[in-house]
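Student: Residue strings, one per chain:
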Amino acid sequence: MTVLQWILLIFLIVCAISVSFTKNLLTSIIIFMAYSLIMSIIWILLESPDLAITEAAVGAGVTSVLFFVTLKKIRAIVEEEKDEQDQ
Amino acid sequence: MSRINKDYKNTKRYRFHQWMNGELDPFIGNVEMKEEKQDSFQSVPKRDIRKKDPMIDHTLLKDKKEFRWYNRIYRVLSLVICLVLIAMLLMTVFYLPSIGDAQNPASNEVVERYIENGLQETGAVNIVTGMILDYRAFDTFGESNVLFIAACCVLILLRIDVDDAKNNSKAEKARIEAEMNDRLYEPKNDLILQKVAFFLVPFLMIFGIYIILNGHLSPGGGFSGGAVIGAGLILYLNAFGFKKTERFFTQKTFKTVTFCALTFYCLAKSYSFFTGANHIESHIPLGKAGAIISSGLILPLNICVGMVVACTMYTFYVLFRKGGF
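Heads up: the protein sequence lines correspond to chains B and X, in order. Just so you know, we're using my numbering here: the first sequence kicks off at 1 and counts up by one. Just so you know, we're using my numbering here: the second sequence kicks off at 1001 and counts up by one.
Read the hints as simulated data drawn from the structure, not as lab findings. Any given hint could be a false lead.
[As the list claims (entries may be wrong)] In silico DSBU-like cross-links for lysine-lysine, where the CA-CA straight-line distance does not exceed 35 Å:
id, chain 1, residue 1, chain 2, residue 2
1, X, Lys-1243, B, Lys-73
2, X, Lys-1269, B, Lys-73
3, X, Lys-1252, B, Lys-23
4, X, Lys-1195, X, Lys-1288
5, X, Lys-1009, B, Lys-73
6, B, Lys-72, X, Lys-1322
7, X, Lys-1009, B, Lys-72
8, X, Lys-1255, B, Lys-23
9, X, Lys-1243, B, Lys-72
10, B, Lys-23, X, Lys-1064
11, X, Lys-1269, X, Lys-1252
12, X, Lys-1244, B, Lys-73
13, B, Lys-72, X, Lys-1269
14, B, Lys-73, X, Lys-1065
15, B, Lys-72, X, Lys-1244
16, X, Lys-1195, B, Lys-72
17, B, Lys-23, X, Lys-1322
18, B, Lys-73, X, Lys-1195
Please read these numbers as outputs of a predicted model, since none were measured by experiment.
Full structure from sequences and hints, please.
Tutor: Here is the structure:
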């Protein structure tokens, strides 16, 4: 186990814990994205690059975008919209 | 009979029944079930958390003795359960076999066969793809169908029926219009996003196509490449709006592409299963290992899976956005 792997694994645990402690939904989605990104790097270090590509595309990309759209639809990210209308 | 029914309202059973139906809360008392106002979609207020309603704000219940006790026990118990679960999982990890050990239960004759004869039998340099799309092609077929069915389910759940708007009330009509209008605000003409997408989308597409076409030679394959292409399509849609994407991708495109890909997959694999099971010589050449056009059916099947995955990803996004194409 190299030092880099240890750092990544610790970051993974920190992400997983902090997701459940954030009050803001938007923040938790961004932490989830960071988790997926770290996970894809770990997949490369575990010598499975095909899984890394899928994790980066699906986990960090498409799933988080779907979460964002859902948050917008249920009006959980409403304040930014108001700012845009004010301008 | 009458003797039992007399005290029924005071029994624990009746209270439990009420609690199950949401009419009674053990700490608040009777709960009134209010009907939601049929407001127009635009004027839905932001949920006010500070409202003085014990249903929403549990800090108002702080003074109740039972609630304090409940809270304390709840915290302690949840902590205990969490710690026990963590301990159990960590204990299990210690019993797992180490990675790459020859004595592992996973290293049996199946793996040996895949590694030793995989290249000759499938013609794929990438053993993983050879396994997924040749030895276990039936599983992959099922997975592609699962994706298609998932897209259909999302379509059923999130579809907005335009024809229904005529019969409904005014508020309902306004709501449907507001949902449909999601596309009116597009494109937002975000200059940074558009410039980034302008440079990034071609590379994403080419990278996705490369992963799919090289699935039998290098790491990757239909699913990863399709996911990359789908993400690229979503980025393009976000930057340039629905008008531009609808020129080449509508509901009809989704239906046709997915149906054709799944049918081709089914027919091609049926042929190879049929010939394989009856020991008939298959007329699909395996080609020279390492060349782009080689390894028989794996390349076309990879393309099929990639198309299904890319279409499904994009369709999910569009359905989430505005419930229909």
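Student: Are Lys-1195(X) and Lys-72(B) close enough, with their CA atoms no more than 35 Å apart?
Tutor: With Cα atoms ~24 Å apart, Lys-1195(X) and Lys-72(B) stay inside 35 Å; holds.
Student: Hint check: Lys-1269(X) vs Lys-1252(X), CA-CA at most 35 Å. Holds or violated?
Tutor: Holds, at roughly 26 Å.
Student: For the pair we were handed, Lys-1009(X) and Lys-73(B), check the Cα-Cα distance against 35 Å.
Tutor: 43 Å, violated
Student: Given the hint that Lys-1195(X) pairs with Lys-1288(X), does the C-alpha gap stay at or below 35 Å?
Tutor: Judged against 35 Å, a Cα distance of about 43 Å means the pair is violated.
Student: Is Lys-1252(X) close enough to Lys-23(B), meaning Cα to Cα at most 35 Å?
Tutor: 42 Å, violated
Student: Hint check: Lys-73(B) vs Lys-1195(X), CA-CA at most 35 Å. Holds or violated?
Tutor: OK: Lys-73(B) and Lys-1195(X) at ~26 Å, within 35 Å.
Student: For Lys-23(B) and Lys-1322(X), compute the direct alpha-carbon distance and say whether it is at most 35 Å.
Tutor: Distance ~28 Å between Lys-23(B) and Lys-1322(X) Cα, so the pair holds.
Student: Please verify whether Lys-1244(X) and Lys-73(B) have alpha carbons no more than 35 Å apart.
Tutor: 23 Å, holds
Student: Would the pair Lys-1255(X) and Lys-23(B) pass a check requiring their Cα atoms to be no farther apart than 35 Å?
Tutor: 40 Å, violated
Student: Does the structure keep Lys-1243(X) and Lys-73(B) at a Cα separation of 35 Å or less?
Tutor: Distance ~21 Å between Lys-1243(X) and Lys-73(B) Cα, so the pair holds.
Student: Run the distance test for Lys-23(B) versus Lys-1064(X): straight-line Cα separation, threshold 35 Å.
Tutor: 26 Å, holds
Student: Against the 35 Å threshold, does the CA-CA distance of Lys-1269(X) and Lys-73(B) hold or violate the hint?
Tutor: The hint is violated at about 42 Å.
Hint violations for this structure: numbers 2, 3, 4, 5, 7, 8, 13, 14, all remaining hints satisfied.
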